[in-house]
Amino acid sequence: MKKTLSLLLVLAMLVAMLAGCSSSTTAETEAPAAEPTQAPAETVETEEPAADAVVVDTKILYEADESMLNTYTLIAVNPDAPFTDADGNPVSDVAVNTAGADALIHWLLSQEALDLAAAYGVEDYGENLFYLLEDVPVYDGEIAAATEETKTIRLSTTTSVNDSGLLGYLLPVFQEEYGYTVEVQSAGTGKAIAAAQYGNADLILVHSKSQEEDFVAAGYARTVDGFDSERVSFIYNYFVLCGPSADPAGAAECPSVKDAFAAIAQGKYTFISRGDGSGTHTKELSLWPEELGITADAESFADYTDWYISANAGMGACLVMAEEMGAYILTDKATFLAFVANGGQA
Amino acid sequence: MGSAAERAIELILSADRELCNILSVTGRMSLASSLLALLIGLPLGVWLGACRFRGRGALLVVNRTLMGMPPVVCGLIFYMLFSGVGPFRHMKLLFTVEIMILAQVVLITPIVVGTMESYVSAIAPGVRETAKGLALGGGRTLALLMNECSYQICSAYLLAFSRSIAEVGAVSMVGGAIAWKTNVMTTAIMQYTNRGDFSLGIALGMILLSLSLLVNIAISLLQKGVSR
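Here the protein sequences line up with chains A and B, keeping their order. Take the first sequence: its letters are residues 1 to 346, numbered as in the numbering used here. Take the second sequence: its letters are residues 1001 to 1228, numbered as in the numbering used here.
It is worth saying that the hints were derived from the structure and are not from the lab. Do not rely on the hints blindly, as some may be mistaken.
Partial pick of chain A residues on the chain B-facing surface, computed with a CB cut under 7 Å [to be verified]: (1) D85; (2) N89; (3) P90; (4) D163; (5) Q185; (6) Y198; (7) A311; (8) G314; (9) A317.
C-beta: ideal position from N, C-alpha, C; glycine also.
Isolated chain B, as found in the complex (with noise of 0.2 Å):
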């Protein structure tokens, strides 16, 4: 271990080119996709949470069995689909980082959905029964329930680029791992975990979870803002 830590900030304060480009495209491809998954599951999760209409149900047994789904699997799908071979080949798309983005925005947006649904499932009683107290229209009442949930969304933010930071099944299948293009940590850690390079694996590892820490610590300090 004590090698491995030695390593960890050697690579870091030599900036490793590779070791930068590899940064680079993780930060790239789990921003944008847990972004993403967020800008479509926000709304989706805020609207099951908070109307009830027929169907409901069933879309909340759709998204439960989606969040459960097994990267690997996710990955394999996008692989046929964008394949040499696949019904969407002319795209182009296979081993590219948007291809990865894709993969993880539907393997994350079901996660958003649940979490927020089940937030607002529980909030969104009271929150109509103020709203029709102070007899507020829709547009107020909406702005009324996303102050209530904005400690919540922080949360499921915080979930989503998570899970995608430390994705490895979908986007090593659909990303190839190819150096200086979609090669991410997870994958490089995959990588020199199979060569045998357990220390430099687990020096890769210390750099993800220190960067996954100072994204935990931005997040928390704006969720303090937010609930005050």
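Just chain A, with the same shape it has in the complex (with noise of 0.2 Å):
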């Protein structure tokens, strides 16, 4: 059995170089063809004046449609959630700083830290990057200041927060106020979850409801104090529709951003999706028409691949090939604005 098992092994490998070699072999001979005819069209490029000022040709084609909300949501970890190892096995004991915690949920629920975060970017964009929700639960109450045992708070959130620099801009006043360190790990929001779920974070600040929701019914979720959902919400801002200036599918246009995506698929114009299970994604995901079944499955845009470009990368990475390439691509504001800023390097 384990013959034959290493038998095939070797014949699978044999296989494979050998169509290696051969798509190899015809690409070489292909490449000389194609090489005259590209050659003088590329000295033409190079003797084009190159543009000495860097202007970014990425601009917010839809903005503040109710579809585009995009809302941050806290969720403390809970210390006796179903935690399973990686074989699946249960796990009672895991160490999770529920005092931290909620010191610091507390504490972004105050007024003096929404009022920070609601003036968040004024200064550096002339515009508000996040604004409050309307019905966001203000905390009043005691916070707990730290303690050696609760001093160290794990949180693990979405790159776009990280990006945007709020993070930054608030922490450290919490830190010197109550006496905590705050480690913060960023991923998308696939990942930051699942960082949780490994019972590797304290508490989450993600943006991608349906994955919340998830997390919660899951059993992994807590209720603070002075709180009455797992979930709480606190700001938001909106996703915006960015694309090349001259705008060939006309989405700035449509009456609709659902309409806007269909037009970019309809016209195969070039679009990047993070494609990395981030909230940015997820929210992708739900914009395309349903015929055309996108999901997070590679398989499911495996006929899209001429224009649909899935980039597994980070926000700041995909506007940048965005700009490159032309191409529409669907972006929290903050990260956007920050990337404009800067001349198109994010």
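Make one complex out of these two single chains by using the hints.
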């Protein structure tokens, strides 16, 4: 049995190698034929005067649509959650700093922190990057100071929050005042939630309602004293649809953002997808016309690879890619404004 | 590129506090892990190279396989082991510099073993013959052997250090690239690249390469000294 298996393996490797060789040889034979026609075009291009000022061509085409609402939510991790190890066996004594998570959530929902968050961005970009939710549950109770056991708080959050600079602006105030140290790990929402499920975070700050609800439903969340729900939503902004200023798909004139996405798909204009299970990615998936059937599964967009690019990268890197390719992209406004302010370098 | 070089110089001259922290974490991690790897790998490599015993071939194959271990796989294994739900969760090592060092040691020790083994196995017969001719005892034969490969030890250490300072897959998994704590040069470069700030990434890359250059010059001088 083992022998046949290993034989099969060797055979498969041989076939793969042969296939690799033959495809590379065809590529080689094709290359010289293509070169002469390409070469003159290249020289023409290099002779063109290079634009000396960096101007970002990508611009906001669609914003402030109800369906583009981007709400950020805090969830404290439940120490008694049904944690399981890699093999699926239950694990009971997972260390979660509940007191620290409580203190951070209490502070973030205090009037002081909310005022700071609401003012963020006005100074640097002349525009609000985040807005307070109207029904935000302001906390006016006591906030516990750090003790030796509770002073390190592990916050797992999304790249968009971290890249916008909001945490770097808020957290030092909190740390100074109450003596905690907040360790921030940032990844796409999917990975940020996974870190909590592996017991590596005390609280999460994410922006993908469906994934948050799954997290709560699975029993990983905990209601913090002073709040009614496990999910404490507090700030929001808008996702924006960006694209080349020429807007070949006419996205800006569409009656709704869903129509704009349909127009992009219709004309097969290049679109950069985050493709990394982040909140932005999840939102983008919900905006495509249903008949296309685009999901997070790579199989689902295998037929659209001529225009749909799944980048599997952070927001900033994707914006650079969109700028280079003259592509359409869905982004959170904060990262986009930072990207433009730095002349196309997020 | 020009602006990146300017930013690199600007960063160094301004003695940016975050940069200093990143540099010190990077230095601590790569020095500690490469020294530990040398400490473990050197005796193992010499033993495998100089002695002939049953199972040596199998050990060599295992070592060569480990030499090719993808860093991210090593990182993933350590992440799962030391995770909040993993078997070693009580040690509370995840997202610390210590576990980054540990993961690095696992990655680079096989490289030290491999380089030492291949060199020692080539010179061992000659050394053994000389020792026999001079009627040296076991201890002095070993001393002679070590003296013969002192140049190679420097090379092995350099290889270990270079791999350690340049590695990103494993350290970003187990360290989490937490600012002020476990962010090293490579993970910082990754972060800035992900944000699209390529020029700061290149600036940090330049600093990293210059650091590597300095260490290489130092070890090369040492190598010259020992080979004389």
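Status of the hints after comparison with the structure:
Interface hint status for D85 of chain A: upheld, as the beta-carbon distance to the closest one in chain B is roughly 5 Å, under 7 Å. With 7 Å as the threshold, the beta carbon of N89 of chain A stays out of range of chain B, its nearest partner Cβ sitting at about 9 Å, so the hint is violated. A least Cβ separation of about 9 Å between P90 of chain A and chain B goes past the 7 Å threshold, and the interface hint is therefore violated. Against a cut-off of 7 Å between C-beta atoms, the interface hint on D163 of chain A holds, since the closest Cβ of chain B lies about 5 Å away.
The criterion of a C-beta within 7 Å of any C-beta in chain B is met by Q185 of chain A, whose closest approach is roughly 5 Å, and the hint holds. About 4 Å separates the beta-carbon of Y198 of chain A from the nearest beta-carbon of chain B, less than 7 Å, and the hint is met. Of the supplied interface hints, the one on A311 of chain A is violated, with its beta-carbon coming no nearer than about 11 Å to a beta-carbon of chain B, more than 7 Å. Restraint check, G314 of chain A versus chain B: the minimum CB separation of about 3 Å is within 7 Å; hint holds.
Hint on A317 of chain A holds. Least Cβ distance to chain B is approximately 5 Å, under the 7 Å limit.
Hint compliance for this structure: hints 2, 3, 7 are not met, and every other hint is.
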